[in-house]
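Asks: Sequence:
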Amino acid sequence: MNPNDDLEKPLMARSCDSEQSESSTLLEHRTIGLQERIQARIRWSLYLQMVILFITVLTWISLFLWNQKDRGISPFALIERGHCGWSVEEAKANDCVYDIMMSSWMPRPCYDEELSEGFLRANNFTYWTSNQGGEEVSEAEVKKGEFDILFTHGTYHHQHCIYLWKLQMKAQKSAVRVLDSISRSQAHIAHCQKLLTPDFSPHTLYQLQSKTGTPIHVKPKRQTCWEG
Numbered sequence: 000m001n002p003n004d005d006l007e008k009p010l011m012a013r014s015c016d017s018e019q020s021e022s023s024t025l026l027e028h029r030t031i032g033l034q035e036r037i038q039a040r041i042r043w044s045l046y047l048q049m050v051i052l053f054i055t056v057l058t059w060i061s062l063f064l065w066n067q068k069d070r071g072i073s074p075f076a077l078i079e080r081g082h083c084g085w086s087v088e089e090a091k092a093n094d095c096v097y098d099i100m101m102s103s104w105m106p107r108p109c110y111d112e113e114l115s116e117g118f119l120r121a122n123n124f125t126y127w128t129s130n131q132g133g134e135e136v137s138e139a140e141v142k143k144g145e146f147d148i149l150f151t152h153g154t155y156h157h158q159h160c161i162y163l164w165k166l167q168m169k170a171q172k173s174a175v176r177v178l179d180s181i182s183r184s185q186a187h188i189a190h191c192q193k194l195l196t197p198d199f200s201p202h203t204l205y206q207l208q209s210k211t212g213t214p215i216h217v218k219p220k221r222q223t224c225w226e227g
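Position one of the sequence shown corresponds to residue 0 (numbering that gives the first Met the number 0), numbered consecutively onward.
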């Protein structure tokens with residue numbers, strides 16, 4: 000190409016080329032700016048949700064612990080309503096149910112099917128064989144509780160804790176309190192409290208948005224259902 004070609008262009012043509020270049024650059028800057036604003040809004044939305052969730056959880060914890068203290072129930076007054084043993088085979092033999100929202104086999108008297116199904120419908124989780132994705136596993140297959148480990152959405156762990164506290168609140172309102180050993184565990188309550196403490200680190204935010212951000216397990220650990 001002759002270096003003088005550009006000089007030989009009519010002034011009007013050169014002016015049009017310059018305007019097109021400026022318009023293209025301006026459009027690119029506006030697009031980048033819009034994307035940055037959208038990402039910022041998403042981050043702030045996540046921050047706000049986490050703070051509200053944390054405050055709600057603290058309230059639930061306080062109510063649960065206060066009611067538990069107020070009842071003054073002795074462990075010796077509890078009546079066992081069933082347990083799931085230490086293996087899938089034993090859990091099935093004891094008529095236990097695999098509750099996805101508890102990530103555990105549960106004794107049938109302590110399984111709240113209505114609440115569990117409500118959470119599953121609301122969240123529409125998907126399940127994968129690898130934290131990189133792998134093969135998708137159907138919800139029906141997961142409910143069989145015959146896997147070692149699967150991966151689901153990053154928000155699952157938070158929803159699990161909310162589910163657990165809803166079980167606690169329902170039990171507190173019942174004339175006869177029937178509640179599983181996980182929901183009664185002070186250590187698990189502390190674990191959920193720590194989990195839901197607002198954490199705005201890039202890793203946490205990435206994990207919350209990942210479709211495989213939470214591992215779920217099967218291994219029965221003799222979960223027990225207690226009345227009292």
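Heads up, some of the hints might be wrong.
[Unchecked claim] Label-pair distances were calculated between CB atoms; the ranges are:
| id | residue 1 | residue 2 | range |
| --- | --- | --- | --- |
| 1 | GLU134 | ALA76 | 46 to 56 Å |
| 2 | HIS187 | PRO108 | 13 to 23 Å |
| 3 | LYS142 | ALA76 | 26 to 36 Å |
| 4 | GLU116 | ASP94 | 33 to 43 Å |
| 5 | ALA121 | GLU145 | 40 to 50 Å |
Since the hints were derived computationally from the structure, they do not count as laboratory data. We treat Cβ as the ideally placed atom computed from N, Cα and C, and that holds for glycine.
Asks: Now look at each hint and say whether the structure bears it out.
Replies: Structure-based check of all given hints:
The beta-carbon spacing between GLU134 and ALA76, approximately 48 Å, falls within the hinted interval of 46 to 56 Å. Taken as a hint, the range 13 to 23 Å holds for the pair HIS187 and PRO108, whose Cβ atoms sit roughly 19 Å apart. Checking the proposed 26 to 36 Å range against LYS142 and ALA76 shows it holds: the Cβ atoms sit about 34 Å from each other. Against the hinted window of 33 to 43 Å, the Cβ-Cβ separation of GLU116 and ASP94 comes to about 19 Å, which falls outside the hint.
Range check, ALA121 to GLU145: Cβ separation about 25 Å, and the 40 to 50 Å hint is violated.
The earlier numbered hints that this structure contradicts are 4, 5.
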